[in-house]
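A.B. asks: First to last, the protein sequences are chains A, B, C, D and E.
Residues in the first sequence are numbered consecutively from 9, following this note's numbering.
Residues in the second sequence are numbered consecutively from 9, following this note's numbering.
Residues in the third sequence are numbered consecutively from 9, following this note's numbering.
Residues in the fourth sequence are numbered consecutively from 9, following this note's numbering.
Residues in the fifth sequence are numbered consecutively from 9, following this note's numbering.
Mixed in with the good hints, there may be bad ones.
To be verified - Derived lysine-lysine pairs resembling DSS-like cross-links, with alpha carbons at most 25 angstroms apart:
| id | chain 1 | residue 1 | chain 2 | residue 2 |
| --- | --- | --- | --- | --- |
| 1 | E | Lys131 | D | Lys298 |
| 2 | C | Lys131 | C | Lys35 |
| 3 | D | Lys361 | E | Lys304 |
| 4 | C | Lys298 | A | Lys361 |
| 5 | D | Lys126 | D | Lys222 |
| 6 | E | Lys253 | D | Lys304 |
| 7 | A | Lys298 | E | Lys360 |
| 8 | C | Lys304 | C | Lys222 |
| 9 | D | Lys298 | A | Lys304 |
| 10 | B | Lys126 | A | Lys358 |
| 11 | B | Lys54 | B | Lys35 |
| 12 | C | Lys361 | D | Lys304 |
| 13 | C | Lys66 | C | Lys38 |
| 14 | E | Lys360 | E | Lys304 |
| 15 | C | Lys222 | B | Lys304 |
| 16 | C | Lys222 | A | Lys360 |
| 17 | B | Lys298 | D | Lys203 |
| 18 | B | Lys253 | B | Lys175 |
| 19 | E | Lys304 | A | Lys361 |
| 20 | B | Lys361 | C | Lys222 |
| 21 | D | Lys35 | D | Lys131 |
| 22 | B | Lys126 | B | Lys222 |
| 23 | E | Lys304 | D | Lys358 |
| 24 | E | Lys304 | D | Lys304 |
| 25 | D | Lys336 | C | Lys336 |
| 26 | A | Lys298 | D | Lys298 |
Everything labelled a hint here was simulated from the structure, so no lab data went into it.
Since the model is a prediction, treat every value here as computed from it, not as a measurement.
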Amino acid sequence: MAQKMFRKGMKKPGLPPGSMVHIGDKKIEKAKITFMDYDDQKFTEKEVDSVKMCYPLKDTRTVSWINIDGLHDLDLISCLCEHFGIHPLIQEDVVNTEHRPKIEDMEEYLFMILKMIKWDEQKNEIQSEQVSFILGSNYVVTFQEQPGDVFEAIRERIRTHSGRIRKMGNDYLAYSLMDAVVDEYFVVLENLGEKIQNMEEEVLLSPTTSTIQKLHRIKNQLLFLRKSVWPLREVITRLERSESKLIKKQTVPYFRDMYDNTIQIIDMMETMRDMNSGLFDMYLSSLSNKMNEVMKVLTIIATIFIPLTFIAGVYGMNFRNMPELGWKWGYFAVLGIMLIVGLWMVLFFKRKKWL
Amino acid sequence: MAQKMFRKGMKKPGLPPGSMVHIGDKKIEKAKITFMDYDDQKFTEKEVDSVKMCYPLKDTRTVSWINIDGLHDLDLISCLCEHFGIHPLIQEDVVNTEHRPKIEDMEEYLFMILKMIKWDEQKNEIQSEQVSFILGSNYVVTFQEQPGDVFEAIRERIRTHSGRIRKMGNDYLAYSLMDAVVDEYFVVLENLGEKIQNMEEEVLLSPTTSTIQKLHRIKNQLLFLRKSVWPLREVITRLERSESKLIKKQTVPYFRDMYDNTIQIIDMMETMRDMNSGLFDMYLSSLSNKMNEVMKVLTIIATIFIPLTFIAGVYGMNFRNMPELGWKWGYFAVLGIMLIVGLWMVLFFKRKKWL
Amino acid sequence: MAQKMFRKGMKKPGLPPGSMVHIGDKKIEKAKITFMDYDDQKFTEKEVDSVKMCYPLKDTRTVSWINIDGLHDLDLISCLCEHFGIHPLIQEDVVNTEHRPKIEDMEEYLFMILKMIKWDEQKNEIQSEQVSFILGSNYVVTFQEQPGDVFEAIRERIRTHSGRIRKMGNDYLAYSLMDAVVDEYFVVLENLGEKIQNMEEEVLLSPTTSTIQKLHRIKNQLLFLRKSVWPLREVITRLERSESKLIKKQTVPYFRDMYDNTIQIIDMMETMRDMNSGLFDMYLSSLSNKMNEVMKVLTIIATIFIPLTFIAGVYGMNFRNMPELGWKWGYFAVLGIMLIVGLWMVLFFKRKKWL
Amino acid sequence: MAQKMFRKGMKKPGLPPGSMVHIGDKKIEKAKITFMDYDDQKFTEKEVDSVKMCYPLKDTRTVSWINIDGLHDLDLISCLCEHFGIHPLIQEDVVNTEHRPKIEDMEEYLFMILKMIKWDEQKNEIQSEQVSFILGSNYVVTFQEQPGDVFEAIRERIRTHSGRIRKMGNDYLAYSLMDAVVDEYFVVLENLGEKIQNMEEEVLLSPTTSTIQKLHRIKNQLLFLRKSVWPLREVITRLERSESKLIKKQTVPYFRDMYDNTIQIIDMMETMRDMNSGLFDMYLSSLSNKMNEVMKVLTIIATIFIPLTFIAGVYGMNFRNMPELGWKWGYFAVLGIMLIVGLWMVLFFKRKKWL
Amino acid sequence: MAQKMFRKGMKKPGLPPGSMVHIGDKKIEKAKITFMDYDDQKFTEKEVDSVKMCYPLKDTRTVSWINIDGLHDLDLISCLCEHFGIHPLIQEDVVNTEHRPKIEDMEEYLFMILKMIKWDEQKNEIQSEQVSFILGSNYVVTFQEQPGDVFEAIRERIRTHSGRIRKMGNDYLAYSLMDAVVDEYFVVLENLGEKIQNMEEEVLLSPTTSTIQKLHRIKNQLLFLRKSVWPLREVITRLERSESKLIKKQTVPYFRDMYDNTIQIIDMMETMRDMNSGLFDMYLSSLSNKMNEVMKVLTIIATIFIPLTFIAGVYGMNFRNMPELGWKWGYFAVLGIMLIVGLWMVLFFKRKKWL
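Just chain A, with the same shape it has in the complex (with noise of 0.2 angstroms):
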């Protein structure tokens, strides 16, 4: 888990800012590049080898949407982007893949910068893929690690025209690839929900050490997705309260509910954050119950055995001049006063509630 939070190599220093340099690891071998171009009557939908046949889609009045799966062809994107008139600092940020998110409004197009995140049901943990969006003024370009995502949807909708996404625009687009990032983070909160849940049985019932191991884990993925969702808010925030002209005024509303979904994102996970920290503390708290137990037996044990033994070492003395040797009754004597001091003793502990 925490090896994806401190990576080596995040900065090269010594390097002029705006240099591209890819960052993060190389997840496949040949950049894959895949377009949508559509309005209400027409679809289009390509795989192409080269950025260049992407060109002409800057100009058209249609709704259009590249895809880029792979960060590590400088090339490709910095010929793409130069087209399109992105920054040189914005392509710097498209292939530093430990970049936190955020937004950057250049008035000709925005910038945004999201992660992706994925619950890997094999590994038992979150997957983490950095996706960047750039809005301009009629089309989408999205670049992403490697190729599978969570916006198979949406393509199905755009391509069989269902709801209403053939009629909006890019802005609107945009909104629902967001959303559909947004929407998978309630998926791994719930995962993790569940998993706090069997934690809370497993503390209360039969902590071992690895129990502690295992909420440490769900501390460090908490830790992860909390770096990831924060900075998340900001950018809806400012995406919802932006004048930019590139957002049109009837899409505000669906960032407004976007923003409330981040929120209830937010909420969920300090729940569980304050949840797992109280786990925690009962976990401390019930090695502690342990402890008391095993002192407990212990205790009586060796409280009851301890003087009847020195009694009986008394009678084991090799002394000439024992009289109580002699007599009679003296071993059963002896060994009613053990039972006595043996039952006064388990009363002391009733008393005391030990037993």
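Guided by the hints, dock chains B, C, D and E onto chain A, whose structure is given.
C.D. replies: Relative to chain A, chains B, C, D and E alone:
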């Protein structure tokens, strides 16, 4: 408790925004539609089968209150909303019973979501139900998950023309309904407060393993309340400061009063959180104290008898040449020494204030 | 203590807003009405039976101070309020003795609720009583739960024409009354501070189980104070910055001075909270220290004598062929060995600094 | 330490506002009045007996600095204040040595209260003294509790005409005096910082019961500083942003510089608080570690010898028919078994890494 | 580490404000003066002996960067500052190496203080050096404590005319220098992050006493960083939002980018703080766990053998009349009973899950 906090399936990723999906349990079979229509003179109350019978209420000059119990009948709700001109995103929020309290000023109407909570005496926990309000020009529409609510007293006041409710507009009606919801928070908090006070005694006098579970439960219930109350305050702040023409000037003091109430609720809740975590700390310190007591008993017994047992052991050795064994008063001398050692130990513990 | 914090029946859900319900204990049998009417020359003081005798005071040019002791006589209070034109919601607040401190600017008059606290020497705890102020054009009305208050010194000053009070308006009177309430907070805090300092010694020198209960009690009393003081500050801030024409310009420095006092009260209170929780931590560490000491004694005794007892046990065995038993100096040799082992153990503990 | 924090008798409830009451210890017998009067050319310095001799200074064009040591002589102070036109509430604040740092802009003059602290090498604690400043049109009046202050270097600079002080106005004088007070905070913090660093070593190497008391003492001293520093920052912020015509434009950068210094003081103080509480945590963990070590020793010894003692006990039984007792090598066989059991135990602990 | 945090002698109380005093260690013998002077065509680089040779640079139209290494040569610095018209208070700040990062807008020039940090591989700790910037109309002056800095790559870019630096103004130069400083923070944080991740393993697998010291050390290093980073953010925020005419409009996006970087640094740092304190908690719980394990071993052994030893003790008594001793199978019966008791104990512990 926690089950309620994180429900699976809160979001259906992939659906277009504005799609109505009923989220939550289906609590009743058939949605129930009732309305009240009144002014200072006239009064009508009806339960109707078809939502269409409510349509005329939109254009009367009287105050109309339409109440829907049951949120799973999406057709009914969308028909009603369509007729009253409610935005699709609002419709989506109405049927999502996991939504956090919010307010939306749509100029034509105000939309509010609140959490209606109740103390369930049998399960000894908080029951929560979502209730949404639409405050239009002359009507109020309320959506609830199931029949049974905190509004019965208000209905009675309307029916019997008691108080000033029949003389006031629909903003006062909305206020009355919301105030009834808020008042119930006091009842729930008083119940929790009573539980916390009982816990105080339990922690001080007889802490057991279940004590910590009860404290944890109360903590979770306060976390749950918190998730409802803080956004509630936000809702009411925005209502109080609202510029909306739907809130008449003479109703504003009532909303301000309601705002005071939510602040008091938050105050009480935060004080309870402080007290609860204070009890947790006391529980831990009482565990430590008990451990100390157990250890002391063990130490006293062991420290007194182990040396004595050693002495007895020495004279239990079978060496042929052990002069003391032949002494006449050897046995009694050893008994005397043992007594002295024992008493000296007791004095030592007295001085240490362990006894 | 906690009893005071969460009283049952704070709200009667179902009542229309503005309904007067007396909340709290009925502390006296019959409400008592007194008034003072004065200017620089004249002075009248009376206790009256009927509230109607106060009505003329509304229209005099002199400063009038009407004081009501006892809040359960709803008729009396509503008559008075009706005559002085007080809003029903304000009336409701007056008789709700669980209301938090607040200020309401109704243009015609200002309404303030404060908590008048006192240190109860006998019960060794804080006594709290609600007092409400209405500051009108030329009158001040105060409502208290029972006779006995912190205003006696002010009455005396009015009677004897000492200080500048008879020369100033009713805003100065209101200030003087509120200042008397605020000054009492210092007295209470000084008492708590003294208790905390005593606790410091107790925690360091002789912590017992009751220590933690005392710390818990102080913590709760500080929590209780907090609930009164923070809103108090809010009230006074709003008074100081008030645009109300009821506060004359020359009185503003006095309110600013009172504001400084509340800030100092909050400072002291928060410092005390810090110190109290610091004492709690010290108590825990002192518990651990004591446990360590107990364990050390046990360990030293057991570690020294258990091996010795074992040696004695060996030579207590009854094997026929045990050559050492026949040796002449065997017994003394074993005693010597025991001595050496024992001393070696003692040295070991010395080196570990346990002795 | 704590004695200083909460002094009894900080308020005398019942007194009319603006009444001068000296609060605090009377530290000297007779108040001492000194003044300096200077401009670029002239310079006078005098100690006077009667406050009346300072009256002419109000109307000169030169810069005058009047310093009063001793606050119990209420007549003296009220005469002076009366003559310089100081508001009664300000007079009350001057003689209340428990007042928190504050600033009051009375248009004709500025009034500031600061805490002048010093590190008392002998008592090893912070000494605090209240100093008030009145900055008028051409004069500065300072009130101190007793002779001895941090201003000597400034007096010297005025006398010897060094630096730019004689060329600047009385606002620069006030700045210089306040700056001298603020600089002393660094000295005190450096002393505390050194103590904390020493504690670090003590906590790591040889924690004792007195360690925790020292940490507690440092914590309280930081709490005490905090009460002085945070309002100090407020005072200086308001001075820096002041619109008052008493602060000339060319002096503003100096106040800004002083503001930077207070921020740095707060930074250092908060870092120290963090470090101190970190040391407390380390102390607790070191207690736990020591307990663990003690327990291990006990467990190892007991676990090795208790079973061996049992074996010895078995062959110490007096049954007539115990065949082993008659075997020739029985004794040696048992000794051998004991050796094996003992070694096996040692290996067990080695494997557990307890040895 | 802590040595760096609180150095003695940070302030020399008593000195007039604006007095230059070198605070900090004297790190080199002789101050070193170098400058670069360039525009798109021309380029000069020189190391000079006398500061006077830099005076002409003030009036050229080219961009000049003067760098001073060594702050103890007060004459040199004051000469330079005098010529460039720098305020005495700024001069004082330049030579105080303990100053916190700040920015001062003096209209004619901007003054910034930053902390240039580096990871010292050998000492395994953070090295910090103060660097100040003066950004004037066409020049940048930088002051460092000693030679060796993070600016070499920028010098190289200027010399080789690579990137856009030679085409941009002196504000871009200042940005480049500050950005180089900020980039180094990432390197340091990555090193700390790696250490924290290593600690995680150590805490989980083999916690020792030195573990806690390492965690404490990391905590202190994060505290140290914090003291540099938060004010750094403030500096850059104010630069980004600056109205100063010294920052050209085209450079603003670069400063905004740098602002994003500081936010990310703060994010990482705070996450690390959270993780570090989480590791501390885990360490404590692992201590408790180990104690539990130790106690269990002791309890099991003692509880099994103490009763058996007692039985053996009973039959070791020397009473003459002990019928069992004469029984033929008495010895074997007792051995059998012991076995049963022992097994029963083992089963008891199995049921308790201690074995």
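A.B. asks: Hint by hint, note whether the structure agrees.
C.D. replies: Hints versus structure:
no. : hint                   : result
1   : Lys131(E) to Lys298(D) : violated, 30 angstroms
2   : Lys131(C) to Lys35(C)  : holds, 18 angstroms
3   : Lys361(D) to Lys304(E) : holds, 16 angstroms
4   : Lys298(C) to Lys361(A) : holds, 23 angstroms
5   : Lys126(D) to Lys222(D) : holds, 20 angstroms
6   : Lys253(E) to Lys304(D) : violated, 71 angstroms
7   : Lys298(A) to Lys360(E) : holds, 11 angstroms
8   : Lys304(C) to Lys222(C) : violated, 29 angstroms
9   : Lys298(D) to Lys304(A) : holds, 22 angstroms
10  : Lys126(B) to Lys358(A) : violated, 43 angstroms
11  : Lys54(B) to Lys35(B)   : holds, 23 angstroms
12  : Lys361(C) to Lys304(D) : holds, 16 angstroms
13  : Lys66(C) to Lys38(C)   : holds, 24 angstroms
14  : Lys360(E) to Lys304(E) : holds, 11 angstroms
15  : Lys222(C) to Lys304(B) : holds, 24 angstroms
16  : Lys222(C) to Lys360(A) : holds, 24 angstroms
17  : Lys298(B) to Lys203(D) : violated, 36 angstroms
18  : Lys253(B) to Lys175(B) : holds, 19 angstroms
19  : Lys304(E) to Lys361(A) : holds, 21 angstroms
20  : Lys361(B) to Lys222(C) : holds, 21 angstroms
21  : Lys35(D) to Lys131(D)  : holds, 18 angstroms
22  : Lys126(B) to Lys222(B) : holds, 20 angstroms
23  : Lys304(E) to Lys358(D) : holds, 17 angstroms
24  : Lys304(E) to Lys304(D) : holds, 11 angstroms
25  : Lys336(D) to Lys336(C) : holds, 21 angstroms
26  : Lys298(A) to Lys298(D) : holds, 20 angstroms
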